[in-house]
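Protein chains in written order, with the working numbering: chain A, 1 to 381; chain B, 1001 to 1371.
Be aware that a few hints might be false.
Stated by the list, open to error - Covered stretches of chain A, going by a simulated chain B footprint (3 or more residues, C-beta under 8 Å):
no. : stretch
1   : 277 to 289
2   : 335 to 347
Claimed, not checked - Below, in silico cross-link-like pairs of lysine-lysine (PhoX-like), each with a Cα-Cα straight-line distance of 20 Å or less:
no. : chain 1 : residue 1 : chain 2 : residue 2
3   : A       : Lys270    : A       : Lys56
4   : A       : Lys200    : A       : Lys270
5   : A       : Lys270    : A       : Lys177
6   : A       : Lys60     : A       : Lys369
7   : B       : Lys1125   : A       : Lys200
8   : A       : Lys286    : B       : Lys1357
9   : B       : Lys1357   : B       : Lys1232
10  : B       : Lys1357   : A       : Lys369
These aren't lab readings, by the way, just hints derived from the structure by calculation. Think of the CB as a built atom: it goes at the ideal place given N, C-alpha and C, for glycine as much as any other residue.
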Amino acid sequence: MKLDRRYFLTLASAVIGSPVLAVGQNSSDTTALFLSAASDSDDQHWVIGFELVDGKSAEKFRHLLPARAHHIAVHEALGVFVVIARRPGNYLWVGDLHSGEPLAEITVPVDRHLYGHGVFSEDGRHFYAPENAWQLINGDSGRVVAWQVSRDSQGFSMVRAGDFPSYGTGPHELLLKPDQNTLVVANGGIRTHPERPREKLNIPSMEPSLVYMDAVTGELQEQHMLDAEYHQASIRHIDQNASGQIVIGMQYEGEPFARAPLLALHEQDKPLQLLWAPEPQQGQMKQYIGSVRYDRSGRFFAASSPRGNMISFWDVATGEMIKSLRSRDGCGLCAIEQGFLFTAGSGRITQYDMVRDEIEALNSGSFGKVFWDNHLSMIAR
Amino acid sequence: MVYNENRSQLKSPVMKNLYSCICMLAALILPTLVFAQASEDWTRVNLSVTDNHVIPGYISLENAAAGMATAAQSFCRSPNAAGLEAFRNGFHNSMDAWQQIQHIQFGPITYFNWNFRIHYWPDEKGTGARQLDDLIDSMNSDSLAKDNFASESVGVQGFPALERLLFDDESLLAFQEDNYRCQVAQAIALNISDIASGVSQRWRDEFRTTIENADERGFFESAEDATIDFLKAQIEPVRRIQQQKVEEVIGDSAARARIRRAESWRSNRSLRNLRLNVLALENLFSGNEGQAVALGAVLMSEDRTLISEAFLTLKMRLEAAPDSIEEALDADDGYARLQQIAAGLDDLFEAFEAGLKNTDLYLGFNSLDGD
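Chain A on its own, in the form it takes in the complex (with noise of 0.2 Å):
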């Protein structure tokens, strides 16, 4: 699909006419370190820094990792990443943004498991990450635990601090909202145990929601969730953008013929609003989002279907998709200058210029064959 000509236009201004909205967006993306977890062809789990060196990727670290992780939340100020194990997990990996160096592996009790996803507040002073309280099957299994998080010259580290209810059944990506007292959580609606690691056990009655939250006393602001015929959309992915408006991305466990939404938009107070890809695009998307990202002006964002071999791209104004890419299990996502880069379990790392339509696939030779996990996280240096 092309891009209709009337967009440049609008892209242009709103891309590069577009406020200061995320960390490091006034440095030019070459000095940018870009995250990933990984695995390769051995089963091996890694956690791997990259920059653009001369429109080229370039490994700069890469670590060893306990158990395949799924994302990785970073802190600018702070100097450090952590590396979120993917469920049923139970490690966070902290590592030095500017040497790659670990500083820490801490490890979740041994009733609770992580879900792939964590937070820092804007102060580095706490972390936020969902947990599975797996033995609580009647209960809200689905916790939000609070880390009170330091790093000095005693060194690195963090304590649990909270542990509040998610208001909902596994919990997923979650972000705090820019007033940072209020945090907001994908209550993905399934439940599963580590015993059966990825079987998902309540199918016919899950109740996926989202949920606003006070990040200080865990006290629940909003819940919304999905008309009961979309019960079965789990809400998995979110970003915000500078105004605080929420886009979601949703993975359908129904039957795979329904036409099911897949993705949303969301202001506080306010109903959901779901979007639709026109066909054929809606029916690629294979009923599954595996990551949302707005572009750097929060106009527009992309959302990835890695098992549909796809990204699309959404103006938020209009609520249309405005552009879709074949990307082969594509799925990691991340705004840069003018776009998006995009990783891919192929290996490849490719860059599309929204402003100028233009594609460009990165040499990922470098890394060897690794195989690129769900996100993608940057940081400007």
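Let chain A serve as the given structure and place chain B on it in line with the hints.
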């Protein structure tokens, strides 16, 4: 029945020898190909497979389904035993063709839910049966009109629903007593025919060009990306048919075998389906006699030999089995034979996996087990 003639052909010693010849031929021809993994090489393989395997497969389906739709129309004008026999033969011919192209699960077959609409199976919740009963009870002719029927539930639109109507001891009587029931069967046959012709036409008119021009500016990331879709169509069905078409049926023991979990058990062709699946997968891999290059060319020659041997072993096991899984289970050594077929599929899958490991080809990671 007409289709039994085909079956005896498949099982004849002549064909067995031919299989061996084809395997040897493949082993002789393929190693001579220098596969440099350049874009032109991927495209050469992709087009050869498209022209020799995919498009002929869809044309066969299109023709067979058109024949079935005509037979359905004649039958419903005046339902009698000969007409039902012709309709059933049309079903068998169409199902034969579908089983030989079912493994292609990318491209046009994925448009408009066509893949689910033509054959939604397994239907674990049995919703198709309930929906079919509801449709028949409704007596609503409007819902059978071509455009309306296409938006009916997938469970009533394809082969499983038609099989349910056609293959019952009381089928003829039921059709004679209830003309609307016959109209439903006719609507399904026509729908299958429309889907088959839509897929066939789009491959010929559009998707072949998409394959031919596969590069980063088009639908595919590259020509290799298109080859990977063919490889997925080659390898993933091996595991899927092992699990869904055999292991789900035979369970852990003979006492736990469940015939009704088999594909096409009503029309007594579960193992025939399997045999056709395997022959088609082998054709995708080795090509027809005289075909310059087939999909196997992308693997190392030693791996190709091992895969060809795995195909041969599996086919011998399948040829020794009857058409229906029920008949197979009734035989003294039937259960063990079915276990051997499952093991043969497992060996074939492992041979493909091992072959892939010796290449840089990559089939899936995030897409296989997401989070």
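Going through the hints against the structure:
no.	hint	verdict
1	277 to 289	holds (count 5)
2	335 to 347	holds (count 4)
3	Lys270(A) x Lys56(A)	violated (43 Å)
4	Lys200(A) x Lys270(A)	violated (30 Å)
5	Lys270(A) x Lys177(A)	holds (16 Å)
6	Lys60(A) x Lys369(A)	holds (16 Å)
7	Lys1125(B) x Lys200(A)	holds (17 Å)
8	Lys286(A) x Lys1357(B)	violated (27 Å)
9	Lys1357(B) x Lys1232(B)	holds (14 Å)
10	Lys1357(B) x Lys369(A)	holds (11 Å)
In terms of the numbered hints stated before, the structure departs from hints 3, 4, 8, listed from lowest to highest.
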